[in-house]
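Trainee: Sequence:
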Amino acid sequence: MNRIWDELGAYAPIFVAGLLVLFRPLWSLNRHLVTLVHEAGHAIVALLTGRKLVGIRLHTDTSGLTVSRGKPRGPGMIATTAAGYLTPPLVAVLAAILLTGGQLAVLGWATLAVVAAMLLYIRNLFGAAMLIFTGVILVYLDRHSPVEIRQHLFFVGAWVLVFGNFRTLVEVSRNRSGRTDIDQLRWLTHIPRIFWILGMFGVTSFCGLAVWEMQGQ
Numbered sequence: 001m002n003r004i005w006d007e008l009g010a011y012a013p014i015f016v017a018g019l020l021v022l023f024r025p026l027w028s029l030n031r032h033l034v035t036l037v038h039e040a041g042h043a044i045v046a047l048l049t050g051r052k053l054v055g056i057r058l059h060t061d062t063s064g065l066t067v068s069r070g071k072p073r074g075p076g077m078i079a080t081t082a083a084g085y086l087t088p089p090l091v092a093v094l095a096a097i098l099l100t101g102g103q104l105a106v107l108g109w110a111t112l113a114v115v116a117a118m119l120l121y122i123r124n125l126f127g128a129a130m131l132i133f134t135g136v137i138l139v140y141l142d143r144h145s146p147v148e149i150r151q152h153l154f155f156v157g158a159w160v161l162v163f164g165n166f167r168t169l170v171e172v173s174r175n176r177s178g179r180t181d182i183d184q185l186r187w188l189t190h191i192p193r194i195f196w197i198l199g200m201f202g203v204t205s206f207c208g209l210a211v212w213e214m215q216g217q
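Numbering of the sequence shown is given in the UniProt record's numbering, commencing with residue 1 and proceeding in unit increments.
Honestly, the hints are just simulated from the structure, not real lab data. There could be a bad hint or two in this list.
Said to hold, decoys possible - Computed spacing ranges between beta-carbons, pair by pair:
1) A113 / S63: 22 to 28 Å
2) F15 / R73: 42 to 48 Å
3) R24 / N124: 37 to 43 Å
4) H144 / P72: 45 to 51 Å
5) A117 / G202: 25 to 31 Å
6) L65 / T100: 33 to 39 Å
7) I132 / K71: 32 to 38 Å
Quick reminder that beta carbons are idealized off the backbone N, C-alpha and C, glycines included.
Given the sequences, and given the hints that come with them, work out the whole structure.
Mentor: What follows is the structure in structure tokens.
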């Protein structure tokens with residue numbers, strides 16, 4: 001496997017992640033990862049801005065919901081709402097920084113710590129099961145997988161977050177239900193949906209380029 005991976009070089013994680021996101025049966029499973037990071041972003045920023053985190057739900061249809069209490073408007077609410085679509089690509093960049101810096105163990109344990117912290121706020125059975133499953137996989141990989149395999153998998157995960165965020169942004173751009181994060185941002189700021197969507201696309205593109213540059217080092 002390592003020989004094939006070495007021959008493909010830096011394109012291998014991109015190719016694998018592309019399949020995981022573009023092939024619909026695989027995307028229906030891997031979208032859970034993007035949702036988990038998306039909701040973690042809402043939760044972390046809610047706490048950082050002084051809001052009270054009420055709970056997190058992760059659903060079988062790959063949707064999620066994070067509820068926090070605080071002022072219904074203002075910078076804190078805007079930051080908390082915007083964090084969902086900003087977190088996956090930013091986490092991908094952070095993962096690439098740690099991986100290229102030889103901090104694989106730090107990345108693994110930091111990921112496990114976030115998963116464990118989310119368990120304290122999860123409010124549905126499927127969400128709890130998903131987090132526990134994720135934690136078990138992380139521990140298993142840490143104890144039983146070679147360093148090279150774990151590094152490859154984390155890079156694939158980083159690209160899944162980048163490509164997956166692009167796909168979810170395309171989906172939300174077509175969603176006119178009025179109940180999306182983008183709709184809430186429009187209501188909070190009076191800035192049209194299209195500008196928020198383009199901004200999220202821009203951040204995701206920049207992060208993707210950053211991951212590519214670091215992976216090629």
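Trainee: All hints are to be evaluated individually against the structure, with a verdict given for each.
Mentor: Here is what the structure says about each hint:
1. With their beta carbons about 25 Å apart, A113 and S63 fall inside the hinted range of 22 to 28 Å.
2. Separated by about 44 Å at the C-beta atoms, F15 and R73 satisfy the suggested range of 42 to 48 Å.
3. A C-beta distance of roughly 25 Å is found between R24 and N124, which places it outside the suggested range of 37 to 43 Å.
4. Between H144 and P72, the C-beta spacing of about 48 Å keeps the proposed range 45 to 51 Å intact.
5. Take A117 and G202: their Cβ atoms lie about 30 Å apart, and the range 25 to 31 Å holds.
6. Remark: the range hint 33 to 39 Å for L65 to T100 is upheld by a beta-carbon distance near 34 Å.
7. A beta carbon spacing of about 34 Å between I132 and K71 agrees with the range 32 to 38 Å that was offered as a hint.
Of the numbered hints stated above, the single one contradicted by the structure is hint 3.
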